[in-house]
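K.L.:
Residue strings, one per chain:
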Amino acid sequence: MNEPLIEFRGVKLSYGAKTVLSDLNFSINGDDFVGIIGANGSGKTTILKAILGLVRPSGGSISARRGVVYGYVPQSNTMDRVFPFTVFDVVKMGMYGRLSVMKRFNKAHAGKVVSVLSQAGIERYRNVAYRDLSGGLKQRALIARALVNDPDVLVLDEPTNDLDIAGEKSIMDLVENLHRTRRVAVIMVSHLVNVVINYVKKIGFIDAGKFGFHAIGDALNETELWQTYHSKLRIATVFGKKVIMPE
Amino acid sequence: MFEMFAIPFVWKALVISSLTGAFFAFVGVYVVLRRIVFASIALSQAAACGFAFGLLTGFNLHLSSLAFTLFAVIIFSFHAEEKRITAESFTAFIYALFSALSVIFLAKSSGGEGALVNIFSGNILTVSNAEIYVTAALFCASLLAHIVFYRKFIFVFFDPETAKTQGLNTSFWNFLFYLILGVMLSASIKTTGVLLSFASLAIPAMTAMLLFERIKTIFAVSVLIALVSAFAGVYFSFRWDLPGGTTNAATMCLVFVPAALTAGIRKNLAK
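Chain order of the listed sequences is S and L. This note's numbering numbers the first residue of the first sequence as 1 and each following residue consecutively. This note's numbering numbers the first residue of the second sequence as 1 and each following residue consecutively.
Some clues are possibly wrong.
[What the hints assert, rightly or not] Chain S stretches covered by chain L per the calculated footprint, using a threshold of three residues with CB under 8 Å from any CB of chain L: (1) 52-60; (2) 78-84.
[Unchecked claim] Okay, the calculated bits of chain L under chain S, using three or more residues with CB under 8 Å as the criterion: (3) 146-154; (4) 161-174; (5) 210-216.
Note that these hints are calculated values from the structure, not bench results. Just so it is clear, the structure is predicted and the values come from calculations on it, not from any experiment. Cβ atoms here follow ideal geometry from the backbone N, Cα and C, with glycine treated the same way.
Assemble the whole structure, with the sequences as input and the hints as a guide.
P.N.:
Here it is as structure tokens:
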């Protein structure tokens with residue numbers, strides 16, 4: 001069980017001739033809860049796509065433990081509002097990639113959907129149209145969908161985008177709770193460092209095309225923040241929580 | 001009222017317009033949801049262009065139409081994303097290309113003007129038995145494919161990125177969708193014409209989406225609207241000597257108007 005879930009060895013990620021990130025060396029273990037932080041356009045989502053196998057490395061290698069199951073949670077605003085699906089439909093869809101075409105969606109599958117809706121705290125919205133939900137509830141529905149295949153690792157892309165402060169806390173509490181109770185590894189990218197720092201165990205800053213994970217206590221210093229955001233930022237502790245603010 | 005359906009060409013018209021209408025109305029739900037309505041008219045135009053090419057050269061009309069449609073299917077399925085040109089601008093280019101070629105081919109073929117009208121509005125009153133059998137067989141095969149692959153299509157169209165993370169080849173499913181649509185369009189373009197194909201792909205689905213929220217209900221109501229319109233189209237065209245396909249398309253539009261009014265009233269009442 002000590003074998004890493006995912007391992008990057010000297011990985012280079014490029015779009016055509018343009019190299020976005022290079023020399024990526026890190027591994028994700030089964031009990032990890034990691035945050036990938038970087039300025040807009042720094043390559044956070046590219047790393048995420050490489051982890052999911054959507055972007056192939058132009059150098060080095062990415063290996064994943066045999067049979068590892070990913071639960072991907074995209075940004076909720078990427079889904080087109082015109083699709084008339086209920087929350088139940090959306091969560092059920094999470095099984096469609098794995099169900100063979102001839103296999104029926106049966107009662108056991110439906111029971112599984114209800115169970116993950118309950119874990120995401122949205123069982124009572126199961127018959128509501130997904131497009132009519134608030135941003136926070138949409139995010140919960142997508143998290144439920146990611147859980148429906150019993151993933152080894154939850155991969156979240158900017159899960160608190162467009163949410164108010166209460167929504168951010170609610171989603172992060174849910175993710176932390178799932179990490180603890182379901183023993184699922186969590187990888188999330190965010191540009192909101194304030195939201196992430198008080199939840200993750202390890203944090204990785206993207207700095208001028210370089211990247212590496214650090215334990216949360218070691219990494220979080222003002223020099224690292226300067227290198228990431230090129231802006232003077234201060235770290236303070238308020239009621240036991242870390243807060244980052246502009247100087 | 002129904003004695004007209006004992007006349008062979010009338011019931012054949014009803015069968016062909018019901019089969020094609022039902023299929024296009026079913027697939028039209030995906031077309032409207034995916035915002036590719038104009039891609040569907042460009043495909044219809046490609047089928048028509050192939051038909052015109054067949055008239056000019058003497059090649060088999062259906063095979064020629066199928067070849068042109070498959071060419072358009074490949075273009076739509078695999079054209080690379082280009083930041084500077086939107087997908088709908090690209091669709092406009094394809095539509096303009098096949099429309100222009102159709103007119104050029106017809107201008108140089110004998111009986112071009114009459115054929116031009118037929119390609120646009122179809123001719124459901126001159127359907128042969130062989131055409132009915134071929135259309136029925138393709139209808140069954142296409143519908144079966146859509147039922148069997150329903151879950152894959154839905155997932156890939158709603159959230160392609162997540163579908164990819166689960167190992168679905170989104171390019172393949174996209175191609176298969178356009179391929180099935182293209183084959184049905186090329187098989188029916190001689191009878192339904194560009195106008196009825198396009199109307200059947202867009203209007204029943206739009207109408208159903210205005211009235212209902214559940215995806216399966218929307219599929220069912222869309223098909224029902226196409227069937228009612230097919231019946232009304234054949235009935236009124238026989239009764240008042242109107243062009244069949246055009247009357248069918250006009251009926252779909254007539255059904256849309258009260259549906260839009262109902263949806264508007266319901267929305268205002270809900271406020």
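K.L.:
Each of the hints needs a verdict: does it hold here or not?
P.N.:
Verification of the hints:
Check on the segment 52-60 of chain S: 3 of its residues sit with their Cβ under 8 Å from a Cβ of chain L, so the three-residue criterion for coverage holds. Counting residues of the segment 78-84 of chain S whose CB lies closer than 8 Å to any CB of chain L gives 6, which reaches the minimum of 3, so the coverage claim holds. Counting residues of the segment 146-154 of chain L whose CB lies closer than 8 Å to any CB of chain S gives 5, so the stated coverage by that chain holds, three being the minimum. Residue count for the segment 161-174 of chain L with a Cβ under 8 Å from a Cβ of chain S: 8. That meets the three needed, and the coverage hint holds.
Three residues within the 8 Å Cβ limit are the bar, and the segment 210-216 of chain L against chain S gives 4, so the coverage statement holds.
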